[in-house]
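The opening position of the sequence shown corresponds to residue 610 in the numbering used here, with each subsequent residue numbered one higher.
Simulated from the structure, these hints should not be mistaken for lab results.
Watch out, some of these pointers could steer you wrong.
Unchecked claim - Label pairs and their in silico Cβ distance ranges:
#1 D900 with R736: 34 to 42 Å
#2 L923 with V871: 57 to 65 Å
#3 D864 with P704: 38 to 46 Å
#4 Q675 with V871: 15 to 23 Å
#5 E653 with A898: 19 to 27 Å
#6 V871 with R736: 18 to 26 Å
#7 M705 with R893: 32 to 40 Å
#8 V852 with A794: 56 to 64 Å
Glycine residues also receive a C-beta, built at the ideal position from the N, C-alpha and C atoms.
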Amino acid sequence: MSLYRQAQVILKVRTPSLEEIDLMQPESTLICVLDPWFHQAQVERLASRNIRSYALDLVPRTTRAQSMDVLSAMGGISGYRAVLNGAMALPRYFPMLMTAAGTIHPARVLVIGAGVAGLMAIATARRLGAVVEAYDLRPEAREQVESLGADFIEITVPEQASEGEGGYASAQSEAFYKAQQEQLADCVARSDLVITTAAIPGKPSPRLVTRDMIHRMKRGSVIVDLAAERGGNVEGTVMNEKVDVDGVTLVGHVDHPSRVPVHASQLLTRNITGFLMNMTEDGRLIPPADDDIVQATRVTDNGKVVHDRLREALGHTRAEQPAEETA
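The whole structure should be built from the sequences, with the hints applied where relevant.
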């Protein structure tokens with residue numbers, strides 16, 4: 610704990626507790642996966658203690674920021690682990706096998722969401738020999754899905770903007786999600802394993818698979834819900850538990866990267882190092898005020914919440930843009 614009081618720059622994986630924040634010295638700098646939308650009390654405390662903070666989970670998905678993109682690095686691990694978890698829970702083979710005792714037909718896998726986690730799940734399921742289908746509300750995802758050998762599912766829904774700020778999927782209307790569920794129902798019903806990956810930054814996870822859809826699935830089927838930490842994409846998901854619903858196993862494990870600690874640590878270290886070096890000059894931390902990555906990730910500074918959308922969510926008045934400073 611004494612290290613918090615001595616440190617000028619604190620690099621952390623997860624959001625600090627209120628008690629940890631109280632140990633940090635004023636005018637120090639915190640860099641971590643802050644998850645500010647769901648840890649607003651910590652954000653307020655960081656501002657009140659005049660601690661400059663940067664959220665690695667707000668790194669924009671731009672070419673220059675790729676080496677710092679924590680969510681993409683960890684998302685790839687999550688997609689990989691989701692398939693392995695699903696395969697272990699599924700009471701059947703994944704690949705097609707032709708044996709003297711008969712032919713084993715390949716498992717059918719449906720991946721909902723073709724972001725980084727979804728694409729890794731598709732690639733992993735294909736390597737294990739499954740027949741894979743995938744759906745994403747962004748039409749431009751078709752090319753990536755098909756390049757991995759999966760079939761892209763076409764669904765006709767009310768047209769809305771499908772990509773939000775920073776390259777992430779945007780939240781949609783209730784009418785959109787209802788139409789989506791109705792047309793996905795047949796795809797879910799014929800699948801042996803369903804992996805859901807839909808997450809909206811700053812919002813609860815959208816509900817994509819209902820209990821009625823689960824009821825139509827074959828007994829012994831499996832659903833791995835990668836959005837369980839934010840309420841889940843699947844009705845009935847229980848965070849950090851494996852439950853049975855109508856004979857279908859719902860897997861709600863979270864923090865999948867911790868189950869691959871060697872490479873998760875290796876990738877996260879490179880992400881944080883790249884982020885830190887982008888703000889370092891001659892061995893000093895000098896965050897450039899006009900840098901797009903710095904602007905997108907800065908949450909608190911000069912005793913204020915300075916991230917525009919977060920400040921509005923907290924009901925703060927508009928803050929002046931902080932001047933460039935040396936930590």
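Structure-based check of all given hints:
no.: 1; hint: D900 with R736: 34 to 42 Å; verdict: 39 Å, holds
no.: 2; hint: L923 with V871: 57 to 65 Å; verdict: 38 Å, violated
no.: 3; hint: D864 with P704: 38 to 46 Å; verdict: 29 Å, violated
no.: 4; hint: Q675 with V871: 15 to 23 Å; verdict: 22 Å, holds
no.: 5; hint: E653 with A898: 19 to 27 Å; verdict: 23 Å, holds
no.: 6; hint: V871 with R736: 18 to 26 Å; verdict: 20 Å, holds
no.: 7; hint: M705 with R893: 32 to 40 Å; verdict: 59 Å, violated
no.: 8; hint: V852 with A794: 56 to 64 Å; verdict: 21 Å, violated
In terms of the numbered hints stated before, the structure departs from hints 2, 3, 7 and 8, listed from lowest to highest.
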